[in-house]
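Following the hints, position chain B against chain A.
In case you want the letters, here they are:
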Amino acid sequence: MNARVELWGVRKAFQEDHPNVFWAVDGIDLALPAGGVTVLAGPSGSGKTTLLTLIGCLARPTEGRVRLDGRDISGLPEPFLAALRRQTFGFVFQRFNLIRGLTVLDNVMLPAYPLGPSHRALTRRATALLVRLGIGHRAGALVESLSGGEAQRTAIARALINDPSVLIADEPTANLDTALSLAFLDIVSDLRAEGRTLLLSSHDPLVREASVVDRVVELRDGRVVADHETRAEPAG
Amino acid sequence: MTEWRPALARQRYLLDFTVAAMRRRRARNLGLLVVYGGMVFLLASVLFYTGALKHEAGLLLAEAPEIVVQRMVAGRHDLVPETHAETLRGIRGVRGVQGRLWGYHYDPVVRANYTLLVPPADDIAPGTAVIGPALARARGAGIGDVLSFRGYDGALRAFQIQAVLPQDSGLVSADLFLVAEPDFRALFGVPAGQYTDLALRIPNPREIQTVAEKVLEAAPDSRPILREEMLRTYDAVFDWRSALVLLPLSGALLAFAILAWEKASGLSADERREIGILKAVGWETGDVLAMKLWEGGLLSLLAFLFGTAAAYWHVFGLSAPLLAPVMKGWSVLYPDFRLTPAIDATQLLALFFLTVLPYLAATLVPVWRAAVTDPDEVMR
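Those protein sequences? They're chains A and B, same order as listed.
Per our numbering, residue 1 is the first one in the first sequence, and the count goes up by one each step.
Per our numbering, residue 237 is the first one in the second sequence, and the count goes up by one each step.
The following block holds chain A by itself, in its conformation from the complex (with noise of 0.2 Å):
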């Protein structure tokens, strides 16, 4: 269950082959260890978003290196990229990024298709995660009838179907009032206790201060700024 994620001078270029290249991310060290909730935080344009493609094999770094359990995996082929971006990494994207005119349930098992499992496991598998999520009910509902609250769970379902050890949050409360934003980091509480590595990105102070959180990055300008232990006591 277990991953630890190391970087190593980290840099990613946008427009690299024009005179007004951008370094959003420039020049980052950085150790996971596994399990725990780390949050990204900063402003916008700090680099957040960006460092958690490169940790996701969404993008591939321009320089650096990016380690998965000591092994590189910033230089893989695409088909290898799938395969962590599909079993060792679950996204949860700031908009959802769910399927419209799919129902939840369809939503939450299409990473699973390319595995190609029993129609039967699968769709319990995923029943069940919503069940657990609180949202079982809405199972047959098209995605674009779900509120925010709704969409985020039937997004954070669609993350842990293939049960990865890493979670990637993008934003996750932005488009959550106060009340969603606390029930979702309960469910952040209980994926730390299963011994998940989460990685939030947030400038939401809510989330910072939560008291499940283990260590905020702060990001500025592409670079760590400051790195601070938050919680004392142990994952899982």
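Treat each hint with caution, since some may be false.
[Claimed, not checked] For the chain B half of the interface with chain A, some residues (derived, Cβ under 7 Å), not all of them:
1) P242
2) A245
3) R246
4) Y249
5) R260
6) I513
7) A516
8) V517
9) G518
10) E520
11) D610
12) P611
13) D612
Hints listed in this document are in silico derivations from the structure and should not be mistaken for laboratory results.
Ideal Cβ positions, reconstructed from N, Cα and C, are used throughout, including at glycine.
Structure of chain B alone, referenced to chain A:
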């Protein structure tokens, strides 16, 4: 569990997802299906119709003589004397020579040409005639009625209709007017011992070419026409006519190609976003391509099936009302008959590859381009 099961299950999941995706973009896909199916329908109709006509012509010519000999005088067709028949009977390889009497007659009443013919058996009583179904229809004539024509000398000659030929031989019998030999000679002014042409029977197909050469040697004023040449002429005529139909269609085909390319190759922002999401949650480029292959395959296959089924019904069920005026002939008396279904598998396969494969290619290229890029854009 054996290894192929997850692969099969994976394809089933991809197919399920594809069907759901097609349902979500119902209007776009239905529109594409109608236009695509319509094009296949038109192409397949021309193909089926041409093929069936050629098939009919082939069947008819199977009964035709191996060589027909005409007489040419200074490049003009002239009557063949009986003496020619005697000469040709002496050529080795020729089993029989039969003088034939036939000609066209213009009927000002219906403003149409009839084909007057003396049947080989010559079993028609003088003063009577057997007529083709289209001719009977045009003149509103039936058994027992009398039809009269003005002959070469201006004299009116009357024929009582003895029988009407059956519909199923309609392709060539539509405008036939079968009469007895003396009546034909009297009407056209053909003296005894003269024929329109001669029909040669040659049992060994390998000898046909040699016999044709010997015919020219024995009677230098003759023009032998081989059955294969007639078949080729039919083929050329029907091919030419199908080209005549396809030519105006080619504009529509081009418009369709542009539409299909536009629709298939231009990924909407929604589709691009969806591909990004699928990649982000762990689908490989191959999974996305397989899904889109299913989509393009299903759409083009459905269009192909609907188009060809409708074309089959149009040609063989309804006798091709959309094509008949061009394809059947430009005579006034159109044959009215049902074509026997005759489909050339190679042509059908060619149509399949010409319609399905380009569409799949047009679909896959942009998807591949979208699918190989990093999925990080969906995070933003």
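Here is what the structure says about each hint:
At a threshold of 7 Å, the smallest CB-CB gap from B/P242 to chain A is about 3 Å, leaving the interface hint in force. Because the beta carbon of B/A245 sits about 4 Å from the nearest beta carbon in chain A, less than 7 Å, this interface hint is met. The criterion of a C-beta within 7 Å of any C-beta in chain A is met by B/R246, whose closest approach is roughly 4 Å, and the hint holds. Taken as an interface hint, B/Y249 checks out: its beta carbon lies about 4 Å from the nearest beta carbon of chain A, inside 7 Å.
The interface hint given for B/R260 is met, as the beta carbon of that residue sits about 4 Å from the closest beta carbon of chain A, less than 7 Å. For B/I513, the interface hint holds, the least distance from its beta-carbon to any beta-carbon of chain A being 5 Å, beneath 7 Å. Hint status for B/A516: holds, given a least beta-carbon distance of 6 Å to chain A, under 7 Å. Satisfaction of the interface hint for B/V517 is found here, the shortest Cβ-Cβ separation to chain A being roughly 4 Å, below the 7 Å cut-off.
Look at B/G518: its Cβ gets to within about 3 Å of chain A, closer than 7 Å, so that hint holds up. This hint holds: B/E520 has a C-beta 4 Å from the nearest C-beta of chain A, less than the 7 Å allowed. A distance limit of 7 Å between C-beta atoms decides the matter here; for B/D610 the minimum to chain A is near 5 Å, and the interface restraint holds. The criterion of a C-beta within 7 Å of any C-beta in chain A is met by B/P611, whose closest approach is roughly 5 Å, and the hint holds.
Given hint, B/D612 at the interface with chain A, holds; its Cβ is 4 Å from that chain's nearest Cβ, closer than 7 Å.
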